[in-house]
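From first to last, the protein sequence lines are chains H and C.
First residue of the first sequence: 15, per my numbering; consecutive thereafter.
First residue of the second sequence: 19, per my numbering; consecutive thereafter.
Hints listed in this document are in silico derivations from the structure and should not be mistaken for laboratory results.
Using N, Cα and C, we set each Cβ at its ideal position, and we do this for glycine too.
Just so you know, not all the hints are guaranteed correct.
What the hints assert, rightly or not - Have a look at the derived ranges for each label pair, beta carbon to beta carbon:
| id | chain 1 | residue 1 | chain 2 | residue 2 | range |
| --- | --- | --- | --- | --- | --- |
| 1 | H | Val170 | C | Ala416 | 38 to 46 Å |
| 2 | H | Gly157 | C | Arg326 | 53 to 61 Å |
| 3 | H | Gly222 | C | Gly143 | 53 to 61 Å |
| 4 | H | Gly231 | C | Ala111 | 48 to 56 Å |
As the list claims (entries may be wrong) - Computed far set for chain C versus chain H, every beta-carbon distance over 12 Å:
| id | residue |
| --- | --- |
| 5 | Gly50 |
| 6 | Ala312 |
| 7 | Ala441 |
| 8 | Glu446 |
| 9 | Asp749 |
| 10 | Ala770 |
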Amino acid sequence: MSAVTLAGLRLELDPSGAVFAPEAGVLVVADLHFEKGSSFAARGVLLPPYDSLVTLDGLEGAIGRHGPRRVVALGDSFHDAGGPARLDPLVRQRLGRLAATADLVWVAGNHDPALPASLPGRVAECLELGPVALIHDPSACRGPWIAGHFHPKARVTVRGRAITARCFVADGERLLLPAFGAYAGGLEVRDPAIRRLFPGAFDTHVIGPGAIHRLAGRPRRAALPAE
Amino acid sequence: MPHSRPMSARSRPEPPADLLPARFAAWFAGRGWQIRSHQLAMLEAARAGRSALLVAPTGGGKTLAGFLPSLVELAEQGGGRGLHTLYVSPLKALAVDVARNLTQPVAEMGLAVSIETRSGDTPPGKRQRQRLRPPDILLTTPEQIALLLSFDEAAAMFGGLRHVVIDEAHALWAGKRGDLLALGLERIASLAPGLRRVGLSATVADRGRLLRWVVGPAVDQAVLVEGAPGAPPEARILTPDGEIPWSGHSARYALRAILQAVAGAGTSLIFVNTRSQAEFLFQSLWALNDDALAIALHHGSLAPEQRRKVEAAMAAGRLKAVVCTSTLDLGIDWGAVDLVIQVGAPKGAARMIQRIGRANHRLDAPSRALMVPANRFEVLECEAALAAIDEGALDPEAMRSGALDVLAQHVLGCAVGGGFSDAALYDEIVRAAPYAGLDRRTFDRVVDYVATGGYALRRYERFARIRKVGDIWRISHGGIARQYRLNVGTIVEAPMLKVRLGRRMLGEIEEWFIDQLVPGDSFVFAGLVLEFRGLDETTAMVRKSAAEAPKVPSYEGGKFPLSTFLAAKVRHLLAHPGQWRRLPAPVTEWLALQRRYSVLPGEHQLLVETFPRADKFYLVAYPFEGRLAHQTLGMLLTRRMERAGLGPLGFVASDYALAAWSLKDAGRADLPALFDEDMLGDDLEAWLAESNLMKRTFRTNAVIAGLIERRYPGETKNGRQVTFSSDLIYDVLRRHEPDHILLQATYADAAAGLLDIRRLGDMLRRVKGAICHRPLARVSPLAVPVLLDIGRESVRGAATDMLLAEAAAALLAEAAR
Numbered sequence: 015m016s017a018v019t020l021a022g023l024r025l026e027l028d029p030s031g032a033v034f035a036p037e038a039g040v041l042v043v044a045d046l047h048f049e050k051g052s053s054f055a056a057r058g059v060l061l062p063p064y065d066s067l068v069t070l071d072g073l074e075g076a077i078g079r080h081g082p083r084r085v086v087a088l089g090d091s092f093h094d095a096g097g098p099a100r101l102d103p104l105v106r107q108r109l110g111r112l113a114a115t116a117d118l119v120w121v122a123g124n125h126d127p128a129l130p131a132s133l134p135g136r137v138a139e140c141l142e143l144g145p146v147a148l149i150h151d152p153s154a155c156r157g158p159w160i161a162g163h164f165h166p167k168a169r170v171t172v173r174g175r176a177i178t179a180r181c182f183v184a185d186g187e188r189l190l191l192p193a194f195g196a197y198a199g200g201l202e203v204r205d206p207a208i209r210r211l212f213p214g215a216f217d218t219h220v221i222g223p224g225a226i227h228r229l230a231g232r233p234r235r236a237a238l239p240a241e
Numbered sequence: 019m020p021h022s023r024p025m026s027a028r029s030r031p032e033p034p035a036d037l038l039p040a041r042f043a044a045w046f047a048g049r050g051w052q053i054r055s056h057q058l059a060m061l062e063a064a065r066a067g068r069s070a071l072l073v074a075p076t077g078g079g080k081t082l083a084g085f086l087p088s089l090v091e092l093a094e095q096g097g098g099r100g101l102h103t104l105y106v107s108p109l110k111a112l113a114v115d116v117a118r119n120l121t122q123p124v125a126e127m128g129l130a131v132s133i134e135t136r137s138g139d140t141p142p143g144k145r146q147r148q149r150l151r152p153p154d155i156l157l158t159t160p161e162q163i164a165l166l167l168s169f170d171e172a173a174a175m176f177g178g179l180r181h182v183v184i185d186e187a188h189a190l191w192a193g194k195r196g197d198l199l200a201l202g203l204e205r206i207a208s209l210a211p212g213l214r215r216v217g218l219s220a221t222v223a224d225r226g227r228l229l230r231w232v233v234g235p236a237v238d239q240a241v242l243v244e245g246a247p248g249a250p251p252e253a254r255i256l257t258p259d260g261e262i263p264w265s266g267h268s269a270r271y272a273l274r275a276i277l278q279a280v281a282g283a284g285t286s287l288i289f290v291n292t293r294s295q296a297e298f299l300f301q302s303l304w305a306l307n308d309d310a311l312a313i314a315l316h317h318g319s320l321a322p323e324q325r326r327k328v329e330a331a332m333a334a335g336r337l338k339a340v341v342c343t344s345t346l347d348l349g350i351d352w353g354a355v356d357l358v359i360q361v362g363a364p365k366g367a368a369r370m371i372q373r374i375g376r377a378n379h380r381l382d383a384p385s386r387a388l389m390v391p392a393n394r395f396e397v398l399e400c401e402a403a404l405a406a407i408d409e410g411a412l413d414p415e416a417m418r419s420g421a422l423d424v425l426a427q428h429v430l431g432c433a434v435g436g437g438f439s440d441a442a443l444y445d446e447i448v449r450a451a452p453y454a455g456l457d458r459r460t461f462d463r464v465v466d467y468v469a470t471g472g473y474a475l476r477r478y479e480r481f482a483r484i485r486k487v488g489d490i491w492r493i494s495h496g497g498i499a500r501q502y503r504l505n506v507g508t509i510v511e512a513p514m515l516k517v518r519l520g521r522r523m524l525g526e527i528e529e530w531f532i533d534q535l536v537p538g539d540s541f542v543f544a545g546l547v548l549e550f551r552g553l554d555e556t557t558a559m560v561r562k563s564a565a566e567a568p569k570v571p572s573y574e575g576g577k578f579p580l581s582t583f584l585a586a587k588v589r590h591l592l593a594h595p596g597q598w599r600r601l602p603a604p605v606t607e608w609l610a611l612q613r614r615y616s617v618l619p620g621e622h623q624l625l626v627e628t629f630p631r632a633d634k635f636y637l638v639a640y641p642f643e644g645r646l647a648h649q650t651l652g653m654l655l656t657r658r659m660e661r662a663g664l665g666p667l668g669f670v671a672s673d674y675a676l677a678a679w680s681l682k683d684a685g686r687a688d689l690p691a692l693f694d695e696d697m698l699g700d701d702l703e704a705w706l707a708e709s710n711l712m713k714r715t716f717r718t719n720a721v722i723a724g725l726i727e728r729r730y731p732g733e734t735k736n737g738r739q740v741t742f743s744s745d746l747i748y749d750v751l752r753r754h755e756p757d758h759i760l761l762q763a764t765y766a767d768a769a770a771g772l773l774d775i776r777r778l779g780d781m782l783r784r785v786k787g788a789i790c791h792r793p794l795a796r797v798s799p800l801a802v803p804v805l806l807d808i809g810r811e812s813v814r815g816a817a818t819d820m821l822l823a824e825a826a827a828a829l830l831a832e833a834a835r
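All chains, please: the whole structure from these sequences, using the hints.
In structure tokens, the structure reads:
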């Protein structure tokens, strides 16, 4: 089990892209992007309509492994504002069962700023886990946080083979979660948008097919010098 | 080889000269030309209202033959009555060049005929005007035809069309662009009742099939016209004295001889098979180029401006030679080229003949060509290609049926262009040769895919792209038409990154290649040794490197596998020592050693050698089926060896052979069972599930079929995003709907393309009961080249050849012990 410590709190990293706080019994996921497929379909791009099912399978798997008392979806849970209405009845039913076994909290994101009350579970602006803020976009946060929004992934070159995979990014005060959704894309962790969230060195925890691999952070290198 | 030759014009008496109006006859006479018999035959076919295919070598006045009937008709009837003749070429540069060449006779004869070209570069205002008031003759590309058909004006525009001329038909018909064009031609034929079709082609093996592809179902009414053959080419193999390398593709041993040949000729085209070879050869030639011969470089990843510059310098006669890839296989006529040098084996006889034809576009003078084999197996292959050229034999095109992703694109196009009814469109589509065998059920599934994505859940019914109103399918909203027009076409480029040196854009390079570099690595690109510094969004930043041993790009693009036809000829040559007289001494000695220490591969057998070496056991098979089929065989064979408890450790595949190594001796296992045809069942399925090749293929299918967009209105979606999302989509679709029609299309493409399953299957069937197993005490002479390929990837740069030579000497000493 991969684990990190955040402001003194021990957190377990799950290969699905979720993070679990065992003492509090809280499972946090970010960027589920439910109904991204149907969002594209509405524009005439008919991606396979199974992404919500795949994402939900993953979420139920993580819940099965940890048995949380509370499940927090850290924003951008739906790809667009019409997403909740387009949910397949079967997916909605399974979310209902999930909300009956744990306190299911939807935190607002930029893709889904206003979630309908009819959704199983409850809606919150932001949340705290001890000293740690749970928030969708951490750009304005000062204290410790767990956040999503940036969909970090890492590109690693090993013996001439390049591997790209989703990853967690952590520095002991901050934890950036990978996107959980089946169709969610990603942003390379060396991108300035991600680097500027971390004042110093950070670790990258790359999600491999069988395990999570920690790549220790190096002091930040300067951006490309001008020619 | 017998060819079907419906109504060949060659054997008939000369057509009467009165087909040619006086004005035209005077023009020919004024230029000091005599009209050729195939040009008259084309006029005669037109007079009889018949479609035609003209097969003639380059330089025979082929293009003029294709246009003469149109010009004669327009001269008689006068122009300005709407689109009269449509010309389609695979290259827009060629369309522009042909337009220029056509303007000359039209002006000189004082004909009132308007001629225009149309491509993606034509200004929007002009394109719109062309739809409303088309010229008499429009020269364009297959993609533009699909686009034109999607506009409301299509029926009016094409209604009076008399002729369509398809140039370089041999280069178009056997691929997805050919599928799209064939569908478009049937659409046009439905709109234009008086249409006749004309194909212009270089020599092909199967004229009957190409004729059918060009003219559609009324093939018995059509005429096949054959131009007089040109002077036979003067091709020979260049093998400098001394050693010929065992392995590798650099042809470094022949560089000075190549420079000498270039110096002794007027202008040369130096063809190689891959872009990395082009980079390497260019670099190495310049390193020895003491006389500073003007040698340039041309390949598909260079920036378009840079390519245009080389082409212009070539046209102006300022260059001695251009090192190039298949980008110059086709294209405008450079009269000055008098020598073609092929470095590395040609992989197919037809490709070699096409390339040789780039020298000397004059019928009466022979084209001169040199082939430079880069290693010993390539000597055999070049010799086989020479034999094929002497016999005038060509590789037949593999039978293929039209791609379903292209069909999906066309179906959407038909809905955009005014709507269609199922039954009528189905009847029209099966008239196109590639889709003649399409069953109605598959067609209906394609229509369903276009409408709702074709998903079993049918969750997208409300988002349907096309809807049926009464009997007619139409698009559900105008945005669909815009999307269709932005995504039209079948050419899907691999995701590319720009390469920037300071402020200069050098060109584009495959993303997967850059992904493998770490900052500080050096590589050769655009003729420069560059150091990779980092990525800036979609641009790879580089600087000039001081390194002497660059990490040469090993692009996969443009690597053709050895053709089945040429492979059979190589097998034949090996099995008949009487024909080795022409081979250079080192090669005959090598083959003689093989005969002494092992056995030569029989023509109809599969030779499998097994031997121990160091602490491992090797199995080397010689199927001669090309690199792609061998790679697939290697993947499947090692899976089987795993199951048989042999502990396979790895394999390496070349165009000729496959070597696998293991902890235990495969020679003691049941070899016929290891090579059984049933490996194409479950083993293949299991491997495909994890194969990246399938994902890469799927991405192309998904773009062509409109599942993912090439670009959005107003912005170009870059390849990185498309790649990323298409991989996810592939995984989701495979898991939830393995029977989806796009996965079916992907499998069909992979089987015929990157995995070459069809060829592998044919081979496994052929060798059933004909495996010739030689257990040996040590490596055989024939196995030396493929063993040298092991680990070649990790041995790079200037030291490579030295190391290889050393390794070869050691292996040969071992073989001859």
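A quick look at each hint next to the structure:
| no. | hint | in the structure |
| --- | --- | --- |
| 1 | H:Val170 x C:Ala416: 38 to 46 Å | 40 Å, holds |
| 2 | H:Gly157 x C:Arg326: 53 to 61 Å | 58 Å, holds |
| 3 | H:Gly222 x C:Gly143: 53 to 61 Å | 55 Å, holds |
| 4 | H:Gly231 x C:Ala111: 48 to 56 Å | 51 Å, holds |
| 5 | Gly50 | 58 Å, holds |
| 6 | Ala312 | 29 Å, holds |
| 7 | Ala441 | 24 Å, holds |
| 8 | Glu446 | 24 Å, holds |
| 9 | Asp749 | 8 Å, violated |
| 10 | Ala770 | 25 Å, holds |
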